[in-house]
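Enquirer: Sequence:
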Amino acid sequence: STKGIGEEAMSGGLPWPGVIADNPKDIADAAVRLYQDQTRWLEAQNAGLALLQARYQHRQHCAGLIERIQTLRNQLPEHRLANFTGAMLRHHHHKSTKYMAQWIEAKNRNKAEDTV
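Residue numbering for the sequence shown follows our numbering, starting at 1125 and increasing by one per position.
Please note that a few of the clues may not be correct.
[Unchecked claim] What follows is a list of derived Cβ distance ranges for each label pair: (1) 1183 - 1229: 27 to 35 Å; (2) 1146 - 1235: 38 to 46 Å; (3) 1174 - 1226: 25 to 33 Å; (4) 1229 - 1174: 32 to 40 Å; (5) 1138 - 1232: 27 to 35 Å; (6) 1194 - 1215: 22 to 30 Å; (7) 1214 - 1189: 21 to 29 Å.
These aren't lab readings, by the way, just hints derived from the structure by calculation. In this text, a Cβ means the ideal position worked out from N, Cα and C, and glycines have one as well.
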């Protein structure tokens, strides 16, 4: 299941193997129906594999992807130093966790003072 814009970008005009819905409830309902119906699941699976083979040339992209992953693994510290966006996301994630912990401590401290 996906939104219409997601299907348009991924399918390239080929039949979409799942359900196209533009709100979260319909997407969730479609996913549940697909999960519960083995025949529909297998049809969608086969259509999805056909779509992948038609749109995303495995042979063309696989070797380059594996090579890029291996290069990054071999140069991980350097890559992380050069990855400004990733560093900013990690920094803000850790800061938000820190401030949430401080807020919980203050809330619990205030609750304890109110009961005294």
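Enquirer: Work down the list of hints and note, for each, if the structure agrees.
Expert: Structure-based check of all given hints:
1. 1183 - 1229: 27 to 35 Å: violated (56 Å)
2. 1146 - 1235: 38 to 46 Å: holds (43 Å)
3. 1174 - 1226: 25 to 33 Å: With Cβ atoms ~53 Å apart, the hint is violated.
4. 1229 - 1174: 32 to 40 Å: violated (55 Å)
5. 1138 - 1232: 27 to 35 Å: Since the Cβ atoms of residue 1138 and residue 1232 sit about 56 Å apart, the hinted range of 27 to 35 Å is violated.
6. 1194 - 1215: 22 to 30 Å: holds (28 Å)
7. 1214 - 1189: 21 to 29 Å: Holds, since residue 1214 and residue 1189 (Cβ atoms, about 24 Å apart) stay within the stated range.
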